[in-house]
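S.K.: Those protein sequence lines, which keep their order, are chains A, B, C and D. In this text, residue positions in the first sequence follow our numbering: the first is 2, and each later residue adds one. In this text, residue positions in the second sequence follow our numbering: the first is 2, and each later residue adds one. In this text, residue positions in the third sequence follow our numbering: the first is 2, and each later residue adds one. In this text, residue positions in the fourth sequence follow our numbering: the first is 2, and each later residue adds one.
None of these hints come from the bench; they were simulated from the model. Be aware that one or more of the hints could be misleading.
No distinction is drawn between identical chains; accordingly, a pair holds when it is met within one copy or between any pair of copies.
[To be verified] No more than 27 Å apart at the CA atoms, straight line, and that leaves these computed lysine-lysine pairs for DSSO-like:
| id | residue 1 | residue 2 |
| --- | --- | --- |
| 1 | Lys328 | Lys33 |
| 2 | Lys221 | Lys416 |
| 3 | Lys179 | Lys137 |
| 4 | Lys383 | Lys241 |
| 5 | Lys385 | Lys221 |
| 6 | Lys383 | Lys13 |
Owing to the predicted nature of the structure, the values given are computational and were not obtained by experimental measurement.
Residue strings, one per chain:
Number of protein chains: 4
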Amino acid sequence: MTAYFPNVDKVKYEGTSTNNPLAFRHYDPEQKILGKSMAEHLRFAACYWHNFCWDGADIFGQPTFNRPWLAGENDMQAAKAKADVAFEFFEKSSIPYYCFHDTDVAPQGNSIDEYINNFSEMVDVLEAKQASSGVKLLWGTANLFSHPRYAAGAATSPDPEVFSFGATQVVHAMNATKRLGGENYVLWGGREGYESLLNTDLRQEREQFGRFMQMVVEHKYKIGFTGTLLIEPKPQEPTKHQYDYDSATVYGFLKQFGLENEFKVNIEANHATLAGHSFHHEIATAISLGIFGSVDANRGDAQNGWDTDQFPMDVSELTLVMYEILKSGGFTTGGFNFDTKLRRQSTSPDDLLLAHIGGMDSLALALKKAAKLIENDFLAEKIKQRYSGWNTDLGKQISDGQFTLESLANHATSKGFSPSISSGQQEYLENQVNGVLFD
Amino acid sequence: MTAYFPNVDKVKYEGTSTNNPLAFRHYDPEQKILGKSMAEHLRFAACYWHNFCWDGADIFGQPTFNRPWLAGENDMQAAKAKADVAFEFFEKSSIPYYCFHDTDVAPQGNSIDEYINNFSEMVDVLEAKQASSGVKLLWGTANLFSHPRYAAGAATSPDPEVFSFGATQVVHAMNATKRLGGENYVLWGGREGYESLLNTDLRQEREQFGRFMQMVVEHKYKIGFTGTLLIEPKPQEPTKHQYDYDSATVYGFLKQFGLENEFKVNIEANHATLAGHSFHHEIATAISLGIFGSVDANRGDAQNGWDTDQFPMDVSELTLVMYEILKSGGFTTGGFNFDTKLRRQSTSPDDLLLAHIGGMDSLALALKKAAKLIENDFLAEKIKQRYSGWNTDLGKQISDGQFTLESLANHATSKGFSPSISSGQQEYLENQVNGVLFD
Amino acid sequence: MTAYFPNVDKVKYEGTSTNNPLAFRHYDPEQKILGKSMAEHLRFAACYWHNFCWDGADIFGQPTFNRPWLAGENDMQAAKAKADVAFEFFEKSSIPYYCFHDTDVAPQGNSIDEYINNFSEMVDVLEAKQASSGVKLLWGTANLFSHPRYAAGAATSPDPEVFSFGATQVVHAMNATKRLGGENYVLWGGREGYESLLNTDLRQEREQFGRFMQMVVEHKYKIGFTGTLLIEPKPQEPTKHQYDYDSATVYGFLKQFGLENEFKVNIEANHATLAGHSFHHEIATAISLGIFGSVDANRGDAQNGWDTDQFPMDVSELTLVMYEILKSGGFTTGGFNFDTKLRRQSTSPDDLLLAHIGGMDSLALALKKAAKLIENDFLAEKIKQRYSGWNTDLGKQISDGQFTLESLANHATSKGFSPSISSGQQEYLENQVNGVLFD
Amino acid sequence: MTAYFPNVDKVKYEGTSTNNPLAFRHYDPEQKILGKSMAEHLRFAACYWHNFCWDGADIFGQPTFNRPWLAGENDMQAAKAKADVAFEFFEKSSIPYYCFHDTDVAPQGNSIDEYINNFSEMVDVLEAKQASSGVKLLWGTANLFSHPRYAAGAATSPDPEVFSFGATQVVHAMNATKRLGGENYVLWGGREGYESLLNTDLRQEREQFGRFMQMVVEHKYKIGFTGTLLIEPKPQEPTKHQYDYDSATVYGFLKQFGLENEFKVNIEANHATLAGHSFHHEIATAISLGIFGSVDANRGDAQNGWDTDQFPMDVSELTLVMYEILKSGGFTTGGFNFDTKLRRQSTSPDDLLLAHIGGMDSLALALKKAAKLIENDFLAEKIKQRYSGWNTDLGKQISDGQFTLESLANHATSKGFSPSISSGQQEYLENQVNGVLFD
Ligand SMILES: [Co+2]
Ligand SMILES: [Co+2]
Ligand SMILES: [Co+2]
Ligand SMILES: [Co+2]
Ligand SMILES: [Co+2]
Ligand SMILES: [Co+2]
Ligand SMILES: [Co+2]
Ligand SMILES: [Co+2]
């Protein structure tokens, strides 16, 4: 096969003075920021599905992309051609990691046996390609939402045979992820939700979901997979309502089934906003709950109510996200995955490269600016000062449980507490952040 | 004081043939439905605040209502005049319960001492009025969001003195609730959230919130309050984001602090929709999590992004809500509270009566229709049939933990599982429900 | 071909006592309401596309429906098989009208010539089928959004050849509509909008759009088509923003290009809510602007931000919509089209019938209840009384232009006007409406 | 009165190296950009209402701000004290313009006469203050939404006496605006909408609204006011639905009443997003319709469904807005008004200065970056190239009306048009814009 991306050999850092749109202006993998290289901080990954399995069709329109390797869809030869293009892209784009669903890389087949054989053969192919290219696997996952059998969910299906089929795919996807050195294993429950409460037993489905996740944890230990298990929250779409609505909801689910130390979340920017939260909120919330794991960096459109999966370009927002991540210690096994889609009109092969370059540069810039925020950490300073009362005797005694509600009331009454608020200084802080972003 | 509602003595059930707008067409308190009276099922309550403390002002406009008792707002005489009108209304409207915030019924005063004295004096007044009228207290609560000291939260305030002031109010409000025979005590964290993540420490605030709630539980047991503690979720407004976002979020919070058996939720229809959920969803979710407690029945506007607090009139939706509640065993200590506001143009005293009558009749009708749904329970039948696979050997063995992920995968593979979906019959069920609603 | 819907011969009215789910409980075509038959009032139509061209795939999932006629998609034989099933359905469902896009009924082909030939041949087929079945055409339209050539719009494409291709399809679709006795011709500009303002010239695209619509009007008169031209507003999806956002926006567009007497709107319930309006609002607004034409009755989901295209089941809302339509004189050439989709899990052939039956019964019930609203028209009475001041001398003189701003101010000042509001009685009116709906 | 803002004499430009938070880092009034000074480009205005009439109360909370001049609210002495603080602020903040409602600057009084006298006296005060300070009036307006008489609208009130009272206020506010040299006169119809369609006559209210606006135009010419008349669109809040929903809706209204050459729009960023549009969209749309006038720069919160009126800080978005404005020729009589509110916790007097400084610096920065976009105008270049087909013979002949739909179809058919799309390059353009923003 000839090259699908003939216009570039490998995307390189050229700095802001370059006029080459196929070069990085900010992402310099080896550049050190706060003691680690940019590559180590950002841990970029590209996805197999939107880039190499999607043809540009949407719900109102036919394919627009020229993807010659999709011609024979249910065919191993096509799967190998797809892998060739995928790894050509991973290498040329300088993205160190990739992610896949089982059925992205191998034909789903017409039976469990076909599925297993196809996937197994393609894992061999991927293993060889990883070895020769140096590209690594950030995470694997199983697609339990596209096949019609999953129309009513997989783990939460009313049919235990569907549950079992899903379990089968997860076993093989987890095993493959381990073999390919994947650093995480992700579960996104695209159909784990409901279309109508009229035909749904919420309690039953939740129990099934809990048991499924427990089985995943047991399997992880059984096979000695040392990566992180991740749940990706999403509030709705394709179903009316999904059980993994957002990080706080996932946290409650994990607590219910004793899983809060076994799973972390893979936060997608677009899913945060669909759930009514800012991306920043979801990151900060997951960190505050101790379940932050990894990020799908694709953004939504502020006016559209579905997953537009656009490339992350809002450096202001990304800087605050990066600031939270850095303050929490940075990624461990997680990273920034581009679960991003080209616009349907972006029909040139170069568009795939350009879009990833833009996303990577935006995050690299955000990293640099977040580091500046940390170097002169006026936000931390403000917070320290704002909450300083909790380091006084009163604050500590409350926190330490030395007051009952009544004894505290008596204390407040006898002291005649009459607290007034001091300025939250929100606008001042916003000004200061803009200073770091733009000066 | 002369009567504020001169046009009616007591609102009575007159049936659907009446032309009297100040009569019930459906709410017949003594009528038996599924073995209990309507009054016992519905447990209606009216709120003190929107009805008797609000003057019709909104953020863009001045008061429109003629509420003579509000003239001397910070004054005990005015508070007593307000109580007179409130109880005139409770009695005339045939609503058996009421609800209040501490500062609804008594002036907040200029110090803790004044607060305590004012409130104490008014609790005496309320006690006498309850005794003479037979009106009962569904729940009490403390207003920890209106005074400027709470601008940055109460339990989650950066200032422990504010936390302490809040604790003081809650002690007095809980004690009063107990004394007045209140069947529940509610906590709505109107300012327990953030305006900006830039000046907020989520983890710290969450710890404070957890400790506060633990103190509330301890106090409940200490004073021997036997009612239910309720948290009322709301996602945003007045703050950008509130910690009690929705039932699933509250559940996670309760689990984190070991409180899941101590609190239930008070679900407000309008808050459900602001959180991106249907009212039905929030009710069903709370029930499935075992934390359903009580309901604020006020609906929002589907196109407006703030709490419009309208009276519940959508009998179709209310029927499904009522169905869920009946299936779960009905209210125990909870009930349907009208945390509802008149429209700002509804300036006639009769409007207050008419609005409650409409809400009560809508819920009474929903109760009758929900009972019909239960009598021929095709929804339960469909669910039983749809999930019947979980009663087979395969289903039970999965549920009982007899399979590992791998052994289940092996089982599915050796059996060659190839499940297909059967119809979810959503449209059919919707037709059947409409049949019950309208035939 | 054997029957695809073997379980019914023809859906008939059986009244509310029936247990037959494949019968109408309310839609009795011949029943007279306010002097016209139900069939004449409601003018139901079924759509070709969602029913017979869609396989159950969504953006995250593969087909779930068994639609044998879709097997050979780009093939005339398949198109004829599809027409067989479609007309089997139209006849059996007792729906008097249907609607189609050119490329629903005929393969799009690989060139203009193929398109023309395929479509022409299928129009013959449709003509014969209409004749033998008695099914009539409510409206035809051209699909200018699915083919990749239309990815950047048709009339508003940056490429005049795409504009020309679109014009070609519209000529043929209009001609076919005329020949088949269609009562309207619809234009829905699915891609007439933008994905990004960065590459869009709004003024240029608007000029193109205006010219296109003028050409459509000229062609209508040239061929002597006596039906109504309809524009279907939609705010977004598939594009980020569409120019035909809502009725008020379309009105401004029509006024700009002198087309306000040539086009009416085809209002879709789901598009109304996506635009931030209630369905009721869009209907009432179009009527008040004199551009109300026809309705696509499919509703959305109040919590989902995309076109779910569900069957209309909310009798309360539909009653108010029906009330507005009746008050405006009823449909002329328009009707209620079901631009509705089955849920993806509704995989049984009967589901297609059941869903339409539910929608038709809901609208029939709404018609009966709207007629009751009109018989005792307390809404009109309230409005008459509320605006009665505009029938006084002052009101008439203002309306008739007898005051300048200044002379009116002088008048108000000299008279010392000090108007106060009287109650808007919203809750009372809601109660009364519920009385009609449910008593 | 002593100074309310003692910490600064006058905010000055100090450049990005300053550590003084009470200085401009980017806004250098005299600095020339594309041939005009920053002050001439940006034409900043501060508002009287949120800054000097609002006390920090919200719908759930009491005042938090210390605003001593609000003590005697309905009192001329207080009004003069307020004017002293307002002009102290305007001068110290270096904001050249201000804006007011009639009832911001003068007590509304208890009768028309009192209103007229109070306002007249305060206009004298303002005139003197403008003269001594050099502060100019960007626009005046009348508050036709706060007083209870306007609860059901002013121009669209069911009561013609309310219409007349509104007319009286507008006469006086227009006359005052002329006398004070105001460059525009604004109409924001805060209550010109409906709460419920049940009691609303849309057609009647629209006619009233049209007549009112015509009277305003007539009065403008009568008094020789040479400024611009502006309508400020807002979709909802305080009412359920407002008639001036967005720019496209206002355009249709203007066309209906022959007013499209008499009014322009005052676009508020927050209202754009409440209407489901981006701020950028509303600006670009108004420009494309020829009705762009002025801007209220306050932004909303992407997750909150009400007017949060925050200061504009998103330099990326503001740059694109500024680019559109510059490309359209820049402001004529319009400018950037801060219709902005402090956060309720921003209780320090300095917060008012800091917030405006941040907004001004963000817009100044946006101006500089927009100028860079124009200097190397790759966006215009892309658009020129993308639409170049419309400069070919085919494109011109279509635009010039030389084709009928049929002749164009024949042309396309005979030529065998088979257009394919070329890349829209959205991601590439986003990358390039980010380059200008951040490099
Ligand atoms: Co994702
Ligand atoms: Co996504
Ligand atoms: Co409530
Ligand atoms: Co509420
Ligand atoms: Co439609
Ligand atoms: Co649609
Ligand atoms: Co404004
Ligand atoms: Co505003």
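S.K.: Checked against the structure, which of the hints given earlier come out wrong?
M.R.: The structure conflicts with hint 5 only, although it agrees with all the remaining ones.
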